[in-house]
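*Asks:* This is what each chain is made of:
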Amino acid sequence: MTTTPEPDLSMPAQAVLVEPPDSSTPEAPTLQDPHKKRSQFADIWRRFRRNKLAMGGMVVVAIMVVLAILQPLISPFDPYDQNLLNTLQPPDADHWFGTDILGRDLFSGMLYGLKLALIVGVSTMLGSMIIGTTLGAIAGYRGRFSDGLIMRTTDIFLAFPALIGAILIVRTFGSGVAPVAIALIVLGWPTAARLMRGQMLSLRESEYVEAARSIGASDTRIVMRHILPNAIQPVFIYSFTSIGVAVVAMASLAYLGVGVPPDTPEWGRLINQGIEQVQVPGKDFLWMFPSGAICLTTLSFAFVADGLRDALDPKLR
Amino acid sequence: MGKFVIRRLAQAIMVVIAATLLLFIGLFVLGDPFASTGDKVVPPETQEILREKFGLDQSLPMQYLTYLGNLFTGDLGIDFNQRREVSSMIGDALPATARLALVAIIIDVFIGVVAGIVAAIFRYSFWDVLVTILTTLAIGIPTFVIGIWLRQTVSGVWIFPGVPRSFTEVVPWYQEVLLPAFTLAIVDAAFIARLMRGSMLEVLRTDYIRTARAKGLGERTVILKHAFRNSIIPVVTYVGISIGILMGGALITETLFQYNGVGFLLVKSIGQNNNPVIMAIVTFAVLIYVLLSMVVDILYAYLDPRIRLS
Amino acid sequence: MRNKAVWLRAAAGLSVAALVLSACSQKENTGTGGNEGGEEQAKPSSGWEETPDIEIQEGKQGGTFRLGITEPTAIDPYNAQESEGILVSQQLFTGLIKVDPDGEPLPGVADKWENNEDCTEWTFDLKTGTKFHNGEEVNAEAFKRGWERVAAKKSASEVAYHLAGIEGFDQMQAGTAKALSGVDASDPAKLVVKLTEPNCEFFLRTNHPVYSPVPTTAGDPATNTAFVESPIGNGPFMMDGKWEHDRGIKLKRFDDYGAGDPAYLDTVEITITANGNQDEYAGFENGTFDWARMPVPVLSQARSTYLDQDKWITRNTNGMNYLLVMVTKKPTDSVEARKAISMAINRDEIINSIFQGSQTPATSFVPPVFEDAFQADVCDACEFNLDEAKKLAEEAGLTEGTALTMQFNVDAGHDEWMAAVKDQLETNLGLKISMTSVPFPDLLDNERQPDAAGLYRSAWGADYPTPENFLTPLLSTTAIGAGPTEPATGDNKGRYSNTKFDDLLAEAKSNPDEAERTRLYQEAEKIAIGDDLALIPLWNRTQHRLVNSEKFINARMDFNENPDLSVISVK
Numbered sequence: 530m531t532t533t534p535e536p537d538l539s540m541p542a543q544a545v546l547v548e549p550p551d552s553s554t555p556e557a558p559t560l561q562d563p564h565k566k567r568s569q570f571a572d573i574w575r576r577f578r579r580n581k582l583a584m585g586g587m588v589v590v591a592i593m594v595v596l597a598i599l600q601p602l603i604s605p606f607d608p609y610d611q612n613l614l615n616t617l618q619p620p621d622a623d624h625w626f627g628t629d630i631l632g633r634d635l636f637s638g639m640l641y642g643l644k645l646a647l648i649v650g651v652s653t654m655l656g657s658m659i660i661g662t663t664l665g666a667i668a669g670y671r672g673r674f675s676d677g678l679i680m681r682t683t684d685i686f687l688a689f690p691a692l693i694g695a696i697l698i699v700r701t702f703g704s705g706v707a708p709v710a711i712a713l714i715v716l717g718w719p720t721a722a723r724l725m726r727g728q729m730l731s732l733r734e735s736e737y738v739e740a741a742r743s744i745g746a747s748d749t750r751i752v753m754r755h756i757l758p759n760a761i762q763p764v765f766i767y768s769f770t771s772i773g774v775a776v777v778a779m780a781s782l783a784y785l786g787v788g789v790p791p792d793t794p795e796w797g798r799l800i801n802q803g804i805e806q807v808q809v810p811g812k813d814f815l816w817m818f819p820s821g822a823i824c825l826t827t828l829s830f831a832f833v834a835d836g837l838r839d840a841l842d843p844k845l846r
Numbered sequence: 173m174g175k176f177v178i179r180r181l182a183q184a185i186m187v188v189i190a191a192t193l194l195l196f197i198g199l200f201v202l203g204d205p206f207a208s209t210g211d212k213v214v215p216p217e218t219q220e221i222l223r224e225k226f227g228l229d230q231s232l233p234m235q236y237l238t239y240l241g242n243l244f245t246g247d248l249g250i251d252f253n254q255r256r257e258v259s260s261m262i263g264d265a266l267p268a269t270a271r272l273a274l275v276a277i278i279i280d281v282f283i284g285v286v287a288g289i290v291a292a293i294f295r296y297s298f299w300d301v302l303v304t305i306l307t308t309l310a311i312g313i314p315t316f317v318i319g320i321w322l323r324q325t326v327s328g329v330w331i332f333p334g335v336p337r338s339f340t341e342v343v344p345w346y347q348e349v350l351l352p353a354f355t356l357a358i359v360d361a362a363f364i365a366r367l368m369r370g371s372m373l374e375v376l377r378t379d380y381i382r383t384a385r386a387k388g389l390g391e392r393t394v395i396l397k398h399a400f401r402n403s404i405i406p407v408v409t410y411v412g413i414s415i416g417i418l419m420g421g422a423l424i425t426e427t428l429f430q431y432n433g434v435g436f437l438l439v440k441s442i443g444q445n446n447n448p449v450i451m452a453i454v455t456f457a458v459l460i461y462v463l464l465s466m467v468v469d470i471l472y473a474y475l476d477p478r479i480r481l482s
Numbered sequence: 004m005r006n007k008a009v010w011l012r013a014a015a016g017l018s019v020a021a022l023v024l025s026a027c028s029q030k031e032n033t034g035t036g037g038n039e040g041g042e043e044q045a046k047p048s049s050g051w052e053e054t055p056d057i058e059i060q061e062g063k064q065g066g067t068f069r070l071g072i073t074e075p076t077a078i079d080p081y082n083a084q085e086s087e088g089i090l091v092s093q094q095l096f097t098g099l100i101k102v103d104p105d106g107e108p109l110p111g112v113a114d115k116w117e118n119n120e121d122c123t124e125w126t127f128d129l130k131t132g133t134k135f136h137n138g139e140e141v142n143a144e145a146f147k148r149g150w151e152r153v154a155a156k157k158s159a160s161e162v163a164y165h166l167a168g169i170e171g172f173d174q175m176q177a178g179t180a181k182a183l184s185g186v187d188a189s190d191p192a193k194l195v196v197k198l199t200e201p202n203c204e205f206f207l208r209t210n211h212p213v214y215s216p217v218p219t220t221a222g223d224p225a226t227n228t229a230f231v232e233s234p235i236g237n238g239p240f241m242m243d244g245k246w247e248h249d250r251g252i253k254l255k256r257f258d259d260y261g262a263g264d265p266a267y268l269d270t271v272e273i274t275i276t277a278n279g280n281q282d283e284y285a286g287f288e289n290g291t292f293d294w295a296r297m298p299v300p301v302l303s304q305a306r307s308t309y310l311d312q313d314k315w316i317t318r319n320t321n322g323m324n325y326l327l328v329m330v331t332k333k334p335t336d337s338v339e340a341r342k343a344i345s346m347a348i349n350r351d352e353i354i355n356s357i358f359q360g361s362q363t364p365a366t367s368f369v370p371p372v373f374e375d376a377f378q379a380d381v382c383d384a385c386e387f388n389l390d391e392a393k394k395l396a397e398e399a400g401l402t403e404g405t406a407l408t409m410q411f412n413v414d415a416g417h418d419e420w421m422a423a424v425k426d427q428l429e430t431n432l433g434l435k436i437s438m439t440s441v442p443f444p445d446l447l448d449n450e451r452q453p454d455a456a457g458l459y460r461s462a463w464g465a466d467y468p469t470p471e472n473f474l475t476p477l478l479s480t481t482a483i484g485a486g487p488t489e490p491a492t493g494d495n496k497g498r499y500s501n502t503k504f505d506d507l508l509a510e511a512k513s514n515p516d517e518a519e520r521t522r523l524y525q526e527a528e529k530i531a532i533g534d535d536l537a538l539i540p541l542w543n544r545t546q547h548r549l550v551n552s553e554k555f556i557n558a559r560m561d562f563n564e565n566p567d568l569s570v571i572s573v574k
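Chains as they are written, first to last, in this note's numbering: chain A, 530 to 846; chain B, 173 to 482; chain C, 4 to 574.
FYI, nobody ran anything at the bench for these hints, they're computed from the structure.
Worth double-checking, as some hints may not be accurate.
Stated by the list, open to error - Sample of chain B residues facing chain A (criterion: CB under 10 angstroms; computed from the structure): (1) Leu194; (2) Gly312; (3) Ile313; (4) Ile405; (5) Ile442.
Said to hold, decoys possible - According to the in silico footprint, chain B covers these stretches of chain A (three or more CB under 8 angstroms from chain B): (6) 651–664; (7) 682–689; (8) 708–718; (9) 804–817; (10) 826–833.
In this text, a Cβ means the ideal position worked out from N, Cα and C, and glycines have one as well.
Start from the sequences, fold in the hints, and give me the full structure.
*Replies:* Right, dumping it as structure tokens:
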């Protein structure tokens, strides 16, 4: 009964209840020839570049990251600076995106919101990936008890309607950016874990793993050197989409009134405030700009993920 | 096989207990539902009386056990706010959500399948490009943005009922459900379209389709009888899953359109600290999810011996 | 292909560079782009004036009046709480007295009432022959029954506290008594009420729906849910069908109404909207509703449209918006500090920008709706005066960088103006303010704590039409309800304590002369607000409504801010 995490473009909903199909067959040779590795990357990169949408997405993501990092320097106004004499103005030369109900510059606010979105998005992604892949790998590789335990734990988290979980967590830790990230990580790691586990399950039975085991390679070595590099692929691809998903989730929570403190110019909050003005003609820009920003972010990350998947897919080589 | 089922069942029960316990503790930590809310000031003596009435003066473990016990007899209690039977509140809201999910699925399957087929058949044509662009946009735009935009532009136009309207004007359910269903359906339709398109493309490349064509069968027969039937399989799998997601996941959409379903009820109850309702709905959702998950797992184990032997 | 990528990157890089260069130093946000259409903004306004009182004319029977509300908690008087519930409850039931829109008492079921010398006993003479909607007789026993139904511990009424002070109430709440010993209904035409302590304004309380009479069919609200869902009362309207939760309530005129003139309207259609004010306003505009509240953002456009069409109502009502101050804790523990803060807040600026001029800055704590007791300038520190503020701040030791905390409740629309107040205080006094917003119950909880400090957003609406209900519950020593190391249990969470103030109020409570009581309230307010500024008043509670005056006459707001349905009539 997950609500906010929207299925990623490549694997709609399958990650939720069903193990993802074995879309990437493991490569037969496992000798890590350094030359081969380098040209492998060049190969992948070349294929990626051919995909216009993916490149476009990457450029946008790059621009966003730069903007977010430079935000304190390039922000035309202090996003919190109020000007009660100049509220709710449509976009003009001074205020490129107009002003909000407290007269704060919306463009500066959106820049700040971009920074927040990326921070939360990336930290959520990192957090859920790290926790999820570790647990998923253990579950998939060890099987039996650990598998059951970990899978049932993911069940508990997945069964909870996401909203309740998020609210409980945010209320416990207080409002702010960190609790939101924590809530999203807590809600997001099960998907990553399942992905990883699925990969593990199929890969560990493969022949070369058996071969490695037969020559006495330890479990850790097998996992780290042989299985992981292959298993990590779909997870890696998914992680890009999950950034977009996290941004949408954070905005949805803010729309429902849960999350960052109220006067923070976070995109979801801005939309919420914009909706309040919706019956006043000519104020649609207040919610349209942040909505557009969310779309752009989600799409860009999704395109990059799509491009990565195509570039890494051995079938297309 | 039997051992696996039993094991799985036991695990399922543990999950339900763990989840409801977590929720219970979480709600308790969240605070006192009888403290003053909104503009309402509730004097402490009254709070004492309320707590006693609703059994909150007992210890936490006692409360949880009482709750479980009542659950088994189907007694969901009365809500904190209006003191109505929770079962009747949910009973009123559930059909609405079910209708919403049903209509949403009908819409998104129809649109998605047709769009996917068209895009696959007329590959690289204008239609294909159009479908690709539209589906991409639909997936990228968050549901609540789509909902807001629809609500602003389309309410009251044509078959979409105007908001607000007097409650004495009876609007048939199939009209009331349209806008929220559309909002929910758009994203799913996009997925289905892509899925359908990809699946269809693959099927169209296969040998037996080539054989069918070589046999001289008309293109229409080829597509409708052979290609369609085979390519629809992943869509069916997906739809099976999305029913569950839709049922529980309509929270934001229902809230957006003030559609009186279970999702909206849950959101309102959270705001009111109306614990009995929250407990009932979440328990329900957890049960459904766990059941479905268990069934799927058992099915997979049946089909793939490796898993059940692990 | 390669060039394209290079171009893309170059373009991206250039745009970033442009941004950096153009905005290297952050600009000052001091435009005055002028607000919407540049109407009456920018100059300090004193709020929108009240629209003149409506003359009540003779009406004619017929018609349906439609309005929208949000789902009430209860419409049964035993638990009716917020204005929506009270709206319905007051049309279904009539108590001992009624009040007119200005809060002046009028006869209800009781046509006379008398107190004994020390105001510990009240006798209400009831009209005879009035009936409930089901034909039952309305007599003293019906009132006693209703009050006991509320006071019973088993009923767990959230509004039972209004009956406190009646002999036997405490025992009923504790579950040790089954009847109110202080209520004597032996004479069906006379209700005699004994109080545990003198209260010369007790009769005013009986206006609250909780004091309604109920028929014998009412029973126990915990078990007889049919009555709770569809109450049978003695008021000008009766239920037409049952309460359709989250959909609507229909009322129809009770032709045998005995406690006053029968209503004119045939039916009232109350639609339950989920979105509150936004839906009501949209509904008014599309002709669905004949009465509507409005969300703040549309107030000024609605006013400019509808004021000239005579469809607009503005009234100062029974409430006050203020900042609760912790007067025993630094940095607000001195009068100078509190006055400095109050004078550093430019109420007009906030009202004009965030409330579009729709509120009236407060100059007192007892609101102007109490025409006799209102003192227009008792709060001298409510006027914006930057120089004086800085002076007092220095005196008080409120130097630059002094830390101050502010808190308010989330999701109630206070975010913007609280942020504005914070900004003003930081800019004008250089204070370092940390502001948080929390759910309402947490807010109240935090306010109660013995170590609470700083400012808390508050509002108060009196339950009864008397200034006493502003002063005693919020500022008297007994209303703290705890020692300095325990959480406050009463509503005086700021912990203001002044014996002279307390004495004045005690005197008023036992003084049967209304004019004398008014004078005492005024003196008390002078001390608590004028001298000590125990609370910082911000703006009066002002309410605006839209009404379909094309179709209806006598459409006015009653004392509880609801449409006065019993006098509204079609033209």
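*Asks:* Quick check: the region 708–718 of chain A, covered by chain B? Criterion 3+ residues, Cβ under 8 angstroms.
*Replies:* violated (count 0)
*Asks:* With a cut-off of 10 angstroms on the beta carbons, see whether Leu194 (chain B) makes it to chain A.
*Replies:* Status holds, d = 7 angstroms.
*Asks:* Against chain A, with CB atoms and a cut of 10 angstroms, does the hint on Ile313 (chain B) hold up?
*Replies:* With a minimum Cβ separation of about 5 angstroms from chain A (threshold 10 angstroms), the hint on Ile313 (chain B) holds.
*Asks:* Verify the interface restraint on Ile405 (chain B): the C-beta must sit less than 10 angstroms from at least one C-beta of chain A.
*Replies:* 12 angstroms, violated
*Asks:* Does Gly312 (chain B) hold up as a contact with chain A if the rule is Cβ-Cβ below 10 angstroms?
*Replies:* For Gly312 (chain B), the interface hint holds, since the closest Cβ of chain A sits about 4 angstroms away, which is under 10 angstroms.
*Asks:* The hint names Ile442 (chain B) as touching chain A; please verify it with the least Cβ-Cβ distance against 10 angstroms.
*Replies:* 6 angstroms, holds
*Asks:* Establish whether the coverage given for the region 804–817 of chain A by chain B is satisfied; the threshold is a Cβ-Cβ distance below 8 angstroms, and no fewer than three residues must meet it.
*Replies:* holds (count 4)
*Asks:* Under 8 angstroms between beta-carbons, do enough residues of the region 826–833 of chain A, three at least, approach chain B for the coverage claim to hold?
*Replies:* holds (count 3)
*Asks:* Between the region 651–664 of chain A and chain B, see if three or more residues pass the 8 angstroms beta-carbon test, and mark the coverage as holds or violated.
*Replies:* violated (count 0)
*Asks:* How does the region 682–689 of chain A fare against chain B when you require at least three residues with a CB closer than 8 angstroms, holds or violated?
*Replies:* holds (count 5)
Consistency note: the structure conflicts with the earlier hints numbered 4, 6, 8.
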